[in-house]
Structures are given as structure tokens and as C-alpha cells.
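Q: Here the protein sequences line up with chains V and F, keeping their order. Counting with the UniProt record's numbering, you get residues 1 to 265 for the letters of the first sequence. Counting with the UniProt record's numbering, you get residues 1 to 265 for the letters of the second sequence.
Since the hints were made in silico from the structure, they are not lab data. In this text, all values refer to a predicted model and were calculated from it rather than measured experimentally. Hints may contain errors.
As the list claims (entries may be wrong) - Calculated cross-link-like contacts (lysine-lysine; reagent style DSS-like; alpha-carbon spacing at most 27 Å): (1) F:Lys149 / V:Lys259; (2) V:Lys79 / F:Lys257; (3) V:Lys131 / F:Lys85; (4) F:Lys257 / V:Lys220; (5) V:Lys257 / F:Lys220; (6) F:Lys220 / V:Lys85; (7) F:Lys220 / V:Lys152; (8) V:Lys79 / F:Lys220; (9) F:Lys79 / V:Lys85; (10) F:Lys220 / V:Lys259; (11) F:Lys79 / V:Lys131.
As the list claims (entries may be wrong) - Which residues of chain V face chain F? A partial, calculated answer using Cβ under 8 Å: (12) Leu26; (13) Tyr77; (14) Asn81; (15) Trp206.
Unchecked claim - Computed list of chain F residues with no C-beta within reach of chain V, every gap over 12 Å: (16) Ser4; (17) Gln34; (18) His70; (19) Glu95; (20) Ser169; (21) Gly178; (22) His254.
Cβ atoms here follow ideal geometry from the backbone N, Cα and C, with glycine treated the same way.
Protein chains: 2
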Amino acid sequence: MTISIQEIVDSIIEPVGSLKNTVDKLLIGDPKKQVTGVIVAFVASQYVIQQAINLQANLIITHEGIFYHHHSEKREYMKNNSVYKDKRDLIIRGELSIFRCHDYIHQYHPDGMMAGLLMALDWEKYDVEHKPVSCIVQTPNMTVTEIAKHIKSKLSLPFVRIVGNASLSCTRIGLLVGFRGGAENAIPLFEDEGVDLIIAGEGAEWETPEYVKDSVIQGKPKAMLFIGHAASEEPGMHYLAKRISTTYPNIPVHYIKEKNLFEVI
Amino acid sequence: MTISIQEIVDSIIEPVGSLKNTVDKLLIGDPKKQVTGVIVAFVASQYVIQQAINLQANLIITHEGIFYHHHSEKREYMKNNSVYKDKRDLIIRGELSIFRCHDYIHQYHPDGMMAGLLMALDWEKYDVEHKPVSCIVQTPNMTVTEIAKHIKSKLSLPFVRIVGNASLSCTRIGLLVGFRGGAENAIPLFEDEGVDLIIAGEGAEWETPEYVKDSVIQGKPKAMLFIGHAASEEPGMHYLAKRISTTYPNIPVHYIKEKNLFEVI
């Protein structure tokens with residue numbers, strides 16, 4: 001039985017239905033080709049592409065874009081850039097197809113990226129309320145430091161960034177994946193949802209973190225953790241890989257987790 | 001001799017001339033009031049406002065907005081937020097005026113925020129080429145780790161984040177303050193300007209850092225440091241404070257540097 005790239009793509013889209021406004025599409029490749037194997041990763045990096053070729057898998061499912069931008073894959077200043085060219089050449093030489101799965105998985109019910117992170121943190125067992133771009137987790141009492149250590153351990157992270165009260169005892173946590181830690185998504189959770197702590201992938205530093213700093217100075221203890229964009233979304237892509245593997249048990253499906261992007265000095 | 005708030009504001013605007021499209025304005029306060037003292041800071045935080053009141057200075061010059069957003073100071077979801085309300089009440093009770101100085105100082109020649117950072121790093125002595133949103137610094141040979149340690153020491157930082165080759169020996173560095181570490185500003189510097197290392201305040205993690213990661217895997221060693229948005233721009237506001245103090249020697253001018261926003265766990 002042969003399975004086409006389009007068929008795999010359709011199965012990813014299926015729970016949501018076709019979206020009109022989306023960054024998700026086959027960024028490169030031929031949808032009619034037979035799938036030899038599937039690679040799922042947070043980002044179709046040079047390393048992930050090399051792994052796809054080594055593993056003879058001709059379809060990569062990536063959450064973020066190939067060329068370092070959310071919207072555009074071919075920007076003018078990239079034209080003569082050797083990193084861009086070498087990466088693109090390798091994709092073409094490897095006869096790879098790359099499907100971006102960003103908006104679809106976020107629109108699963110619940111958000112597949114959130115579901116993946118909750119599983120990775122072993123937090124599905126807690127009382128979880130899913131909201132459009134966040135979820136609220138009701139945990140047993142833990143300090144922010146204890147929660148930070150739990151996250152580092154579960155996600156194998158060298159560090160997380162913290163602002164606010166590290167010793168604050170928390171039971172209600174707002175969780176936001178990716179670049180959703182900005183003011184508009186995160187700040188309302190503190191008072192509308194009564195969370196003590198917000199955990200996000202990343203967000204502009206002068207938005208929610210400055211709010212948390214002010215809140216603490218005003219005598220309203222709060223805290224925020226930035227755990228890293230990739231760290232917050234890799235588990236969701238791992239979850240997607242398992243889902244594809246279950247749907248297509250005869251196709252080799254590999255989830256690739258890369259080394260942590262940042263270290264601290 | 002009495003100096004009005006408007007007069008100080010005019011002196012800050014003067015090197016650039018009045019801008020039409022700008023976030024810079026007197027966000028709150030009365031421009032006709034006599035200045036009792038000036039506070040200059042990266043952000044008009046709760047702490048900075050308290051300090052202004054303690055020091056009996058009724059004008060705050062801030063680089064970022066008061067309420068956690070670049071463009072808008074009064075967003076709907078803030079309406080009933082207690083941190084917003086308590087901060088706003090304190091500003092009003094303290095009879096403070098707050099002028100946002102973001103775009104003007106960036107348009108000084110050279111960019112005042114960049115000039116401040118170069119001074120703080122003791123790098124003005126190197127060959128520096130100022131470009132519209134970045135500058136290129138030609139330094140003696142140093143490894144990325146040595147540069148990171150130099151920055152931490154000069155700016156009193158607990159950590160910086162690094163992606164790429166820590167042991168890479170650098171002579172040409174691209175420097176970007178604030179949230180200018182994104183793909184569009186930063187990536188072209190690598191090949192168009194031949195920099196080995198980019199140092200930025202912050203930027204989206206899946207843009208330039210992912211480029212640097214790919215470049216390294218392709219055998220083109222490069223590195224990037226995110227030193228923190230506030231860390232990269234506080235020296236520029238310190239520089240502005242000195243400038244105001246020189247222009248108005250009879251007015252008390254205080255630059256306030258806050259504790260580092262983030263720690264790592």
C-alpha cells in the first residue's frame with residue numbers, strides 16, 4: 001500500500017478542516033510522491049534535514065518555518081545568503097517535502113501543542129481548563145522554584161528564566177506555549193483567572209515580565225517563567241508524531257528533538 | 001530660574017526635530033509645570049515611580065511605556081486590573097509627568113541608545129561603524145565566551161544567553177540594542193557585514209538564533225548573544241541622563257538602574 005504526502009497532510013488537517021488564513025502549507029516538495037518516512041520536529045533545521053536524509057524519510061512536518069520567519073519563507077535579504085542557499089539546496093537534493101504544521105495543531109481540541117506540553121510535564125492529571133491561547137492548571141502546592149526544577153527535569157532544560165517571587169507557593173498556573181507570553185495573552189490571566197504563576201515559551205521582555213515586577217513591588221506576589229519557545233513546543237510535535245504513527249503504523253515516523261538552542265554564560 | 005517640563009522635553013526632541021509618527025510623548029502630566037527634578041530610567045516601573053516621589057522629582061523620562069506595551073497605554077483588558085490602577089493612582093497622587101523617549105533617542109546621530117551601550121562596554125575606542133539599526137564593532141581578537149564575560153562584568157549581569165560557537169574567535173561584531181535581534185535586522189549582518197558574532201538585547205528565538213544554529217551545522221561558525229532588552233538599553237538612558245544634567249546643571253537629574261529583570265534557575 002502506498003501513501004502519498006498529500007494523504008499524510010490531509011490527515012493532519014482533518015481534525016480542523018481546511019483553514020483559509022494560515023501559514024501552514026507544503027512549503028516545498030511534491031504532494032503526489034509516495035511517503036518513504038516522516039520526520040516530525042519543532043523546526044526544519046539543517047540538522048533535522050540531514051537526519052531526514054540519513055533516515056531516508058522524505059516528508060518533514062515542522063512547526064516553525066524553514067527560513068527564520070513566521071510569515072515569509074523567501075525574503076529579499078536571504079537571496080544571496082549562503083546559509084539559506086545551502087539549506088535550500090540540501091532540501092532539493094534530498095528530494096524532501098516539508099509541511100508546516102503551525103496553525104492546524106494549535107486549533108486541535110485541545111490545542112495539540114498544549115496537550116503535548118501537559119503530557120511532558122505529567123500535568124494532564126491535574127485539573128486543566130483549556131482556553132483559546134492558554135490553559136489553567138490547578139496543581140498541588142509547589143513553590144515557583146520547585147516548579148522550575150520540575151520543568152527543567154521533565155524537559156531536560158539547562159535553565160529557565162524567572163521574574164518575580166521564586167519562593168511563592170502556587171496552586172494555580174497559567175500555561176502558554178510558544179511566543180504567547182506577551183501582555184495581551186498573559187497579563188489578564190493573573191487577575192481574571194487568579195493565577196499565581198505564568199509559564200510561557202517566550203515573550204517580549206518589557207511586557208509581562210515588567211508587569212510581574214511591578215506587581216511584586218506593589219505587594220501582590222506573582223511570578224513568571226520563560227522556559228524557551230522550542231522547549232514549550234517540542235512536546236506538542238512529539239505528540240503529533242505519535243498521532244501520525246498510530247494512524248499510519250506501516251510508515252516509519254521519527255520525532256527529532258534537538259539539543260537546547262541556548263546555553264547561559 | 002524656573003524650567004518647565006515642556007522645556008526639558010523640547011531639549012530632548014531638539015537634536016531630531018519633531019517626529020510625526022512616534023510613540024514618544026508626554027504620556028501623563030502637565031507640560032507647563034515647573035520641574036522639581038528629573039528621573040531617567042529604562043522603564044517607568046512601580047519602583048522608579050516610587051523613587052521619583054521619594055526624591056521629589058516630578059518628571060520621569062522613560063524609554064519603554066508605563067503599561068507593558070509598545071504602542072498602547074490604555075488597553076481594554078487593563079481597565080479593571082489592580083496593578084494598572086494602583087500604578088496609575090500613584091503617578092497621579094505623586095503629581096508626576098512622564099515623557100516617553102523611545103524614538104527620539106534612537107534617532108540621535110549616533111543612536112543614543114547605541115552610544116550609551118558602546119560607552120558602558122568601553123568599546124567606543126574600537127573602530128565603530130554606525131548603521132541605521134545596528135553598529136559594527138571591530139575589536140581585538142576575543143572568544144565569544146570572553147566577550148560574554150566582558151559584557152556581564154561591564155553591565156553587572158547574572159547571565160547572558162548564547163547560541164552558536166562559544167569558543168569562536170571574533171574580531172567583527174554586530175551590535176543591536178533592544179528588540180532588534182530579529183531576522184530582518186540581524187541576519188544580513190553576518191554575510192553583508194562579515195560579522196562573526198551578533199550581540200542583541202532580545203529577539204524572537206526561532207529567527208536569528210535558529211539561523212546561527214543552522215550556520216554552525218553547515219560548518220560556518222557563528223554565534224549570537226542575547227544580553228537582555230533592559231541590559232542593552234539602560235546605558236543609553238544613563239547617557240541621556242548625563243546629557244540632561246549637562247544642559248540643566250541646576251536641576252537634580254537622577255538615573256535609576258534597577259535590579260536585573262530575570263534570574264536563571
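Q: Could you run down the list of hints and mark each one as holding or not?
A: Against the structure, the hints come out as follows:
no.: 1; hint: F:Lys149 / V:Lys259; verdict: holds, 23 Å
no.: 2; hint: V:Lys79 / F:Lys257; verdict: violated, 42 Å
no.: 3; hint: V:Lys131 / F:Lys85; verdict: holds, 26 Å
no.: 4; hint: F:Lys257 / V:Lys220; verdict: holds, 22 Å
no.: 5; hint: V:Lys257 / F:Lys220; verdict: holds, 22 Å
no.: 6; hint: F:Lys220 / V:Lys85; verdict: holds, 13 Å
no.: 7; hint: F:Lys220 / V:Lys152; verdict: violated, 30 Å
no.: 8; hint: V:Lys79 / F:Lys220; verdict: holds, 18 Å
no.: 9; hint: F:Lys79 / V:Lys85; verdict: violated, 49 Å
no.: 10; hint: F:Lys220 / V:Lys259; verdict: holds, 18 Å
no.: 11; hint: F:Lys79 / V:Lys131; verdict: holds, 21 Å
no.: 12; hint: Leu26; verdict: violated, 20 Å
no.: 13; hint: Tyr77; verdict: holds, 5 Å
no.: 14; hint: Asn81; verdict: holds, 6 Å
no.: 15; hint: Trp206; verdict: holds, 5 Å
no.: 16; hint: Ser4; verdict: holds, 29 Å
no.: 17; hint: Gln34; verdict: holds, 28 Å
no.: 18; hint: His70; verdict: violated, 8 Å
no.: 19; hint: Glu95; verdict: holds, 19 Å
no.: 20; hint: Ser169; verdict: holds, 16 Å
no.: 21; hint: Gly178; verdict: violated, 9 Å
no.: 22; hint: His254; verdict: holds, 18 Å
Figure legend: structure checked against the earlier numbered hints; hints not met, in rising order: 2, 7, 9, 12, 18, 21.
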